[in-house]
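J.: Given only the sequences and the hints, what does the whole structure look like? Please build it.
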Amino acid sequence: MVLSLIVLMFMVILVAAVIPASLRNTRYSADFSQAASLVQHKINQFQDAGYFAIDGPTLGQNGLKFVDGTPGSPSNNLHGSQSATFEFTDTDKLWQYFNGGMDEAGNRVTGSRSPRGYIYISPYEPSQYDNASLGIKYGLVRVTITIQWWTGKGNMQSFSGTTLVPRAVVN
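In this text, residue positions in the sequence shown follow this note's numbering: the first is 1, and each later residue adds one.
Everything labelled a hint here was simulated from the structure, so no lab data went into it.
Glycine residues also receive a C-beta, built at the ideal position from the N, C-alpha and C atoms.
A portion of the hints provided could be inaccurate.
[Claimed, not checked] Dumping the calculated DMTMM-like pairs for lysine to aspartate or glutamate here, alpha-carbon to alpha-carbon at most 25 Å:
| # | residue 1 | residue 2 |
| --- | --- | --- |
| 1 | K137 | D48 |
| 2 | K93 | D103 |
| 3 | K65 | D48 |
| 4 | K153 | D103 |
| 5 | K65 | E87 |
| 6 | K65 | D90 |
| 7 | K65 | D92 |
| 8 | K153 | E104 |
| 9 | K153 | D68 |
| 10 | K93 | E104 |
| 11 | K93 | D48 |
| 12 | K93 | D68 |
| 13 | K137 | E125 |
| 14 | K93 | D31 |
[Stated by the list, open to error] Computed beta-carbon distance windows for the label pairs:
| # | residue 1 | residue 2 | range |
| --- | --- | --- | --- |
| 15 | R108 | V2 | 53 to 63 Å |
| 16 | Q47 | V7 | 57 to 67 Å |
| 17 | A132 | G100 | 47 to 57 Å |
| 18 | R27 | G50 | 35 to 45 Å |
| 19 | R113 | S37 | 18 to 28 Å |
| 20 | M102 | S37 | 16 to 26 Å |
| 21 | V7 | L164 | 55 to 65 Å |
T.: Spelled out as structure tokens, the structure:
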């Protein structure tokens, strides 16, 4: 009888120790799934818009609304001819998707630990060619999307995806 109580207590303690780790892993997995979905959505937007829409000054204008505000330097990133980084945190309201992005009242939490989204556009060097009248051009633009968020323990996590957007339409 005493032995069975000891075994039962041991099993209860074991189960109690496993539950918090299981809940933490579930939240961790959900955050990564959410980030992967958001990154794929943003990649799809760039692929649908096409090469000629990837012009630094117009990414936040002309109905595209891919980025927050207007880009920083260089703003003349015509079709990915120069490397540039943009943010899309506000455009996609990333704080709604991750734990810690909103307070108990549903208001956005701002600060260095709020979720963020970045777009890095650069020419894809292997696709470089020299156009006699226009100078050096690129047949492909590399677009890398990164989402960063913080766990309940304050650890930063991130998820990235990259696509190449071709100058010519590929069927």
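J.: Below or equal to 25 Å on CA atoms is what counts here, so check K137 against D48.
T.: holds (21 Å)
J.: For K93 and D31, compute the direct alpha-carbon distance and say whether it is at most 25 Å.
T.: holds (15 Å)
J.: Take the C-alpha atoms of K65 and D92, compute the straight-line distance between them, and say whether it is at most 25 Å.
T.: Roughly 9 Å between the alpha carbons, so the hint for K65 and D92 holds.
J.: Regarding the pair K153 and D103, is the alpha-carbon distance no greater than 25 Å?
T.: Status holds; Cα separation ~16 Å.
J.: Against the 25 Å threshold, does the CA-CA distance of K65 and D48 hold or violate the hint?
T.: holds (13 Å)
J.: CA of K153 to CA of D68, is that 25 Å or under?
T.: violated (28 Å)
J.: Please check whether R27 and G50 have a Cβ separation lying inside 35 to 45 Å.
T.: Once the Cβ atoms are compared, 37 Å apart, the range 35 to 45 Å for G50 and R27 holds.
J.: Tell me if the straight-line CA distance from K137 to E125 falls inside 25 Å.
T.: holds (10 Å)
J.: Is the distance from the Cβ of M102 to the Cβ of S37 consistent with 16 to 26 Å?
T.: holds (18 Å)
J.: Quick one: are Q47 and V7 within 57 to 67 Å, going by C-beta?
T.: holds (58 Å)
J.: Is the Cα-Cα distance between K93 and D68 25 Å or less?
T.: holds (10 Å)
J.: Confirm or reject the claim that V7 and L164 have a C-beta distance inside 55 to 65 Å.
T.: At 59 Å between Cβs, range holds.
Hint compliance for this structure: hint 9 is the single one not met.
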